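Enquirer: Residue-level listing of the chains:
2 protein chains.
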Amino acid sequence: MLKVTLAQLNYMVGDIHGNIRRMREAAAKAAQDKADLVVFSELSLCGYYPGDLLDEPSFLQRLDAGLQDLLNLTRQYPALHWVVGAPTRHQGPGKRLHNSLLVLKDGKIRLQYDKQLLPTYNIFDERRHFEPGADTAKVLRIGNCQVGFLVCEDGWNDRVANDQGADYATNPFVRMGDAAPDLVVSINASPSHMGKREQRHEIFAQAAQRHRLPILYVNQIGGQDQIVFDGASFAVEPEAGVVFEARRFEEDIHTLKLDEQGHFQPIHGEGLGRVASQGLPLMEFYRQQIVLGLRDYARRCGFKQVVVGSSGGIDSALTLALAVDALGADNVVGITMPSRYSSAGSVDDSVQLCRNLGVKLHEHPIKDLIDGYARQFEASFGEPLKGLALENLQARTRGTTLMEFSNAFGHLLLTTGNKSEVSVGYCTLYGDTNGGLGLLGDLYKTEVFELSRHINRRAGRELIPQVIIDKPPSAELAPGQKDEDSLPPYAVLDEILKWQIEGHHLSNAEYARAAEFVQRLRTQPGGPETIARVQKLVFRSEYKRRQAPPMLRVRPRAFGTGRQMPIAAHYE
Amino acid sequence: MLKVTLAQLNYMVGDIHGNIRRMREAAAKAAQDKADLVVFSELSLCGYYPGDLLDEPSFLQRLDAGLQDLLNLTRQYPALHWVVGAPTRHQGPGKRLHNSLLVLKDGKIRLQYDKQLLPTYNIFDERRHFEPGADTAKVLRIGNCQVGFLVCEDGWNDRVANDQGADYATNPFVRMGDAAPDLVVSINASPSHMGKREQRHEIFAQAAQRHRLPILYVNQIGGQDQIVFDGASFAVEPEAGVVFEARRFEEDIHTLKLDEQGHFQPIHGEGLGRVASQGLPLMEFYRQQIVLGLRDYARRCGFKQVVVGSSGGIDSALTLALAVDALGADNVVGITMPSRYSSAGSVDDSVQLCRNLGVKLHEHPIKDLIDGYARQFEASFGEPLKGLALENLQARTRGTTLMEFSNAFGHLLLTTGNKSEVSVGYCTLYGDTNGGLGLLGDLYKTEVFELSRHINRRAGRELIPQVIIDKPPSAELAPGQKDEDSLPPYAVLDEILKWQIEGHHLSNAEYARAAEFVQRLRTQPGGPETIARVQKLVFRSEYKRRQAPPMLRVRPRAFGTGRQMPIAAHYE
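Protein sequence lines correspond, in order, to chains A and B.
Quick note on numbering: the first sequence equals residues 1 to 572 in full-length UniProt numbering.
Quick note on numbering: the second sequence equals residues 1 to 572 in full-length UniProt numbering.
These are calculated hints, taken from the structure and not from any lab test.
It cannot be assumed that every hint is accurate.
The list treats identical chains as interchangeable, and a pair is accepted whether it falls inside one copy or across any two copies.
Cut-off 25 Å, straight-line C-alpha distance, at most; resulting in silico cross-link-like pairs (BS3-like, lysine-lysine) [unchecked claim]:
| id | residue 1 | residue 2 |
| --- | --- | --- |
| 1 | 471 | 367 |
| 2 | 544 | 304 |
| 3 | 367 | 3 |
| 4 | 29 | 471 |
| 5 | 29 | 367 |
| 6 | 34 | 544 |
Predicted, not measured: the structure shown is a model, and the values here were computed from it.
The following block holds chain A by itself, in its conformation from the complex (with noise of 0.2 Å):
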């Protein structure tokens, strides 16, 4: 009999006494549950993913002083084992450092693994600092139970079943099912995007049958600039499957026994259910997703209260809507900045949105400086100021307006473009695109309306006004312009941008979707030219992708380090 503490928490990178000080509260908590052993996630003493700090030796040596108060602490519980990730050094050659897991008890390291497989791919690029472990399973006794170890990805490559092919030549289930422990502790660090949930069930749930082993993955909670960790760290048996799981987007510590028929169950009390395969319905995880992404950005960065561009349309309604569920109504504020070409609903309807939420609204005309601009545009450069250059001036001059605002008051501008938009570039760089974080940015357009919807159900309410969900979308920076006038459908053009995107990132039924619409599309009057325009505005907005800021992950393939792509390159 084994009794266990998940910890999921939420780790902030760089913040070794803090992360520190997290871990301590919760060992507390496990020793109250007389529990063997604590389990925090993957890399917890610096926080998930620290990227070139690993490279600087004051950080390093900041990690060594950390480790050592962390031996220091367990004195404190000399009964409890202490499960926590952290950078150690490697000697030979080869990378100068391993991701690992250490089990430290009553001031001294007692078992130390290395992660074997190191993702190189999407957002993950942790060859870059690391060396892999050797392949060889990690069992250490504890009371009379046999515990196996894994960090995150080692995980991941027992596909056999799938049939996917291996990301890598070793699996190191193979081995930890040959050690046959009495359990395996898996301690990740796993960024949560559309699906991911019922993924790790699944993938977690094949290997616990396939080599007979109960395992406890245990993840982390929070957002690191775009990516969030969603936590539902969970218990998995192999006839049972997963019976136990941890809350999503919320810290959680809790308990479990393990007991001598290899059965999870509460400390209290017996018996769990298998839990739901199926998880938070989309639009509520992409709301709880967004929402734990933005309050961790702004209190991380050091900002309480954030302001956004109110246009009237829905990209910027939504954008409010999940700043004031992630921050409340008082620490958010809009500007409306009707120009010439702004219909009357841009502050009217920008007007009602503010008031169904509660929050402050600031109008903004930007008229006469647009004519200001204009006028000595002329002047200086001898023609009138048109086209383009006069739409993306009034982007320009509302996003100018909204950073006064940030540098004078010290709120956080939200950018509110979408992942449709931000695909094709349909957005004016040093404009619309100004922001420290994006909230939608990984949503297509489709998608928005969807969340849209779902927001005012959820409120049983218009939170966001009907009228703003049923005006077609525009950019107002032309007379009459609609974005359907320079781009297909949103209907159409997502179904495209998926499939070129996103490809074989999408989960099989939206691939499967993606792709007839394509193919039907190229058998219609005009559909070939529509991918092929598609396709080569996608390409050549690259530009504006490299300058835009942070934007929350939601889906498999983000933009930001997830797709990364050349910008002077030659695309047929």
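Fit chain B to the known structure of chain A by using the hints.
Expert: Only chain B this time, still in chain A's reference frame:
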């Protein structure tokens, strides 16, 4: 006896047809010289580095078709071996591609060698897409010679003598030494930075000597976003060292003989001398690297002309001078945008500068625009616009004006920030950071002065007016403002920054100087506080760098992918 043509070309990422055309032309020249083999560089088929284009199925199809085209071309010169670089498919666990060297002859692939050492540090991320090749030397008999092959990084782990520790567990040079071919051909995509040429000579001359191998090292030239390749391909012998060097920063096609004694010879006549170990003087190196980087970036992005905001300060002056150097005076436009706080010199010195350079200068005052913003700010937000918000507004109004010009007339906007400013965030996001490319972003301010003086010396006259070089640096955003009011003197700042940001990436001499400087500063009154303040500024301005355009890399550790730091982190 073997005749080898080294083809040092300027490939473009993604331009498979264009790259094949370039190779075909060089092959024709090789055939004319009756060469046995013509050597192109690493990934010559697709350009270096294609990034996630390698994940696109359509790109892989284009590569397949391109390789077939190349194979067909080789039939035109049936006696000629083509040594090309291309991604090839990898079967089995791991990444789906290899970074391969292929020897093609008369329609067939005669040899495939897969790069073994895949760099994952600094700007390199090859493990993201490629699986390493097997630890075996690949040798091909050509005529009566055995020729061995390596790809770039494969040659960089031979550091026993240097006592620097090994970056990888294997050293391809050891197996190559065992195979003892008559010649080793190394194909490379080796980005250029201060000291890199000398480092290549040192590493490969030592390896040639240690393993008794004559080596032909073929590099490419050209600018790829932030990165510039300098060519400088070379031939090195075990005893004599580097005996031949191709041009730097220019395409060069050159045929050499390898005689029976293993000596390289010119094809006509005899005798190659030892190549001087010292390359270009540093400032001339910077100049040539930046000129090529700008030229290629502009051309590849479809720009003929550039525009620069001319403040009358040294950064914009040097940017203008380098732009003229790269593109010609007719293709460069300056805009002076005086405000209330601009010194008289701001306009007058810009006029003189642009007259010296032969560049068209527009004057576009921003005083009225600033007044308009300030009026509307107070009317909308109820407070006067002042302090930092007012300072930044000036930079943003200028940035907006420059983008009006860029959008209206189709000029590429160049940003002018130097590495000192970019490091400490002494710049306005969406203001003076606006632009598609930065020329000086990897030069410290002290180097900006030095390069400016070099440009004048080289021209034999004041291209950059001495008054601009002599005036104390100022952002001119507030009355009487000087950079050194808010920052340490640049002579101090730059040494701290070199030590903090580049550390062990610096040359030994530069590192020793910076480390000693910082050490001394620590013992001086206020020294530790200055150091701490600079470090904090660097960490706190990560968010600005994340939104910066590509800045041409000239030093070993440039911002961009060369230094990957989290934004929302805790720095102690």
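Enquirer: It remains to establish, for every hint, whether it holds in the given structure.
Expert: Hint by hint, here is what the structure shows:
When the C-alpha separation of residue 471 and residue 367 is checked against a cutoff of 25 Å, the pair qualifies only within one copy, where the shortest distance is 23 Å, while the shortest distance between copies is 39 Å. Taking the shortest Cα distances, residue 544 and residue 304 sit within 25 Å of each other only across copies (19 Å), while inside one copy they are farther apart (28 Å). For a Cα distance limit of 25 Å, the shortest separation of residue 367 from residue 3 qualifies neither inside one copy, at 67 Å, nor across copies, at 71 Å. For the homomeric pair residue 29 and residue 471, neither the shortest alpha-carbon distance inside one copy (53 Å) nor that between copies (64 Å) is at most 25 Å.
Proximity of residue 29 and residue 367 under a CA criterion of 25 Å is satisfied in neither setting, with 60 Å inside one chain copy and 63 Å between copies. Proximity of residue 34 and residue 544 under a CA criterion of 25 Å is satisfied in neither setting, with 55 Å inside one chain copy and 48 Å between copies.
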